[in-house]
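Trainee: Sequence:
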Amino acid sequence: MSFTPWRDRAGRLSVLRIITLLVMTLPALRLLQLWLSDGLGPEPLEAATHETGRWAIRLLVATLAVTPLGRVLGWPKLFQLRRMLGLGALAWVLLHFLLYIGDQNWRLLRVGLEIVSRVYLTIGFAALLGLVVLGWTSTDGWMKRLGRGWKRLHRLVFPVMLLGLLHAFIQSKSDISRAVVLAGLLVWLLGWRALPARWQTNLLALMGLTLAALLGGVLIEYLWYSAFSNLPAGRIAMANLDLAFGPRPAVLAGMICAGVTLLAAGLTLWRRVARA
25 MSFTPWRDRA GRLSVLRIIT LLVMTLPALR LLQLWLSDGL GPEPLEAATH ETGRWAIRLL
85 VATLAVTPLG RVLGWPKLFQ LRRMLGLGAL AWVLLHFLLY IGDQNWRLLR VGLEIVSRVY
145 LTIGFAALLG LVVLGWTSTD GWMKRLGRGW KRLHRLVFPV MLLGLLHAFI QSKSDISRAV
205 VLAGLLVWLL GWRALPARWQ TNLLALMGLT LAALLGGVLI EYLWYSAFSN LPAGRIAMAN
265 LDLAFGPRPA VLAGMICAGV TLLAAGLTLW RRVARA
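Residue numbers (the working numbering): 25 to 300.
There could be a bad hint or two in this list.
[Stated by the list, open to error] What follows is a set of in silico ranges between Cβ atoms, one per label pair, in the way DEER data are often shown: (1) 146 x 46: 32 to 38 Å; (2) 170 x 100: 22 to 28 Å; (3) 39 x 134: 28 to 34 Å; (4) 37 x 250: 47 to 53 Å; (5) 167 x 39: 35 to 41 Å; (6) 28 x 243: 42 to 48 Å; (7) 163 x 74: 27 to 33 Å; (8) 250 x 290: 21 to 27 Å.
Note that these hints are calculated values from the structure, not bench results.
All C-beta atoms, glycine included, are put in the ideal place defined by N, C-alpha and C.
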């Protein structure tokens, strides 16, 4: 039976995969609708380029989150989404690059010179190439061909993610809010993988990771503004204590991680009651 994204590996229709497919594709349809209705502002191609890049990084973070969430929530069906989300991230980053080329009036020589001469473009292009390699070798055939080397190769997803996030920080210039949220989540994801296996589902350890995600986001935000802008980095960091105008990006990352911990606690309690 041929593989289709809305069916599981056994060929059965999968609601989980259908929902994931919609989450990955509906933003593209929304972007197209905004483009056709002149809703992307005076420079629609540039706006679309930025938005596609954001979705590529979001899906890459979601790919890295599959294993921790599957383990923490006791939901192994999530594991089947890793390849799907990774290929979705690749599709978005290729669209991002294609739109960038279009924004340069399809002058490939100019695009090449820009990539070589601008650091943030060099970083982004390196991340793109890494993601292409990972996508190309994601098939079952390549898994068999590479054997144990396949896992080592696919650990490249972590430096690819870091390069992509650094590209996003530089591109964001003075407003790094979205990038800080993703950075906080990445602190949690990397911290979870650094834990001993027996602690990876421990609620106290997850609470500690939530605090690390929040503080990590604050620290990254502070260091970025301190090093690369004239804005008052200390005041921006202290603003995380003031929720009058809504949560700051680092706090939002901490809230998302806290939500995962609370969900895990709720599911653990529910399972214990169900077994009693």
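Trainee: Assuming the hint says 27 to 33 Å, is it satisfied by the Cβ distance from residue 163 to residue 74 or not?
Mentor: holds (31 Å)
Trainee: That 47 to 53 Å hint for residue 37 and residue 250 (C-beta), does it hold up?
Mentor: holds (52 Å)
Trainee: Given the hint of 35 to 41 Å, is the C-beta distance from residue 167 to residue 39 inside that range or not?
Mentor: Check failed, 26 Å falls outside 35 to 41 Å.
Trainee: Is it true that the C-beta distance of residue 170 to residue 100 lies inside 22 to 28 Å, as the hint says?
Mentor: The hint (22 to 28 Å, Cβ to Cβ) holds, given that residue 170 and residue 100 are roughly 24 Å apart.
Trainee: Is the gap between the beta carbons of residue 250 and residue 290 within 21 to 27 Å?
Mentor: The hint (21 to 27 Å, Cβ to Cβ) is violated, given that residue 250 and residue 290 are roughly 39 Å apart.
Trainee: Does the Cβ distance between residue 146 and residue 46 fall inside 32 to 38 Å?
Mentor: Since residue 146 and residue 46 have Cβ atoms about 34 Å apart, the given range 32 to 38 Å holds.
Trainee: Note whether the CB distance of residue 28 and residue 243 lies within 42 to 48 Å or breaks it.
Mentor: holds (44 Å)
Trainee: Is it true that residue 39 and residue 134 lie within 28 to 34 Å of each other by Cβ?
Mentor: violated (46 Å)
Hint violations for this structure: numbers 3, 5 and 8, all remaining hints satisfied.
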